[in-house]
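Quick note, the sequences are listed as chains A and B, same order. The first sequence maps to residues 1 to 70 in the UniProt record's numbering. The second sequence maps to residues 1 to 271 in the UniProt record's numbering.
No wet-lab data here; the hints were simulated from the structure. In this text, all values refer to a predicted model and were calculated from it rather than measured experimentally. Some clues are possibly wrong.
As the list claims (entries may be wrong) - Okay, derived cross-link-like pairs now, DSS-like style, lysine-lysine, Cα gap no bigger than 30 Å in a straight line:
| hint | chain 1 | residue 1 | chain 2 | residue 2 |
| --- | --- | --- | --- | --- |
| 1 | B | K139 | B | K156 |
| 2 | A | K35 | B | K156 |
| 3 | A | K35 | B | K139 |
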Amino acid sequence: MDSPISITVNGEPRVLDAPLALSEFLTSAGLDLRKVAVERNEEIVPRSAYGTTVLGPGDQIEVVHFIGGG
Amino acid sequence: MDGLIAAENGVADPVSDFWEVAGRRFRSRLVVGTGRYKSLEETAAAIEASGAEMVTVAVRRVNLSDPGAPMLQDFVPPDRYTYLPNTAGCHTAREAVRTLRLAREAGGWNLVKLEVLGPPPFLYPDMPATFEAAEALIKDGFEVMVYCADDPLAAKRLEEMGCVAVMPLGAPIGSGLGLSNPFMLRSIIENARVPVLVDAGIGTASEAAQAMELGCDAVLLNSAIAHARDPVRMARAMRAGVEAGRHAYLAGRMPRNYAADASSPMSGLIR
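Start from the sequences, fold in the hints, and give me the full structure.
Given below as structure tokens:
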């Protein structure tokens, strides 16, 4: 059985029950994958790699999008 | 950098009068920000009324507790407007590069607005940090439109580094004070080989017209529209102001003369 995995997403701690692909994590969080960009441990994750990127212990994830600005 | 223009009837042809940055061509000389509106609906309506083809946007964390919240892209579609992601809130070259790499991944383009600001109350461009960030971004393949001080030497240096447009301020961001420095802006415009945009400080349509009369390629503004009592109407006013200023610049103003010169002939008077 998998042990829980602690990660940080946008500065907030999260616990995953098992290793999870980034694409599954984003979808389960209710996000539209076409409208966000993701960084893992300060490295960009290309959209094409969401399915093959598996979240691991201690990962620092940033999920961003465009908002209004000047 | 400038599309030409002079039609035989003396009226600038709106089809051939364009400006170009990093190989992209724009007919609207008004670039608008998408911040500070009451709602995304209002943002969309004001931008539509402004006629802008390029809009600035910021990059921020998604609110994961409200993932279904409406997004800017649903109201200001990136397939209709050229998004110009900014580095607002970044204080170092490293932060700027990191932010814009994310923007590039989110949108897939390289054209960006670099702004590295000093502390309140003026948020004046931090030029040493701006030079450093510009260098890092250019090295990383970005096409950098850069917010900068109204300093002709700094603007020239940014151009020589490879920035695709320089964007000196008219007055501090969000101040609505108008052009505090027409002479400096003019000096920058006259020496530049890349497009010059007056960015920040414009408060109302006459000031946008004044910036265009100085000969800049376009103006960039946000608060002047978003903080007007009626943003949609002010967006229309800005559009008209920018067009009026552009026509006036192309037409060439009459010389200033410190004595009167009657418009009506003095001959043929009845006696």
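Right, here's what the structure says about each hint:
{"no.": "1", "hint": "B:K139 with B:K156", "result": "holds, 18 Å"}
{"no.": "2", "hint": "A:K35 with B:K156", "result": "violated, 36 Å"}
{"no.": "3", "hint": "A:K35 with B:K139", "result": "holds, 26 Å"}
Figure legend: structure checked against the earlier numbered hints; the only hint not met is number 2.
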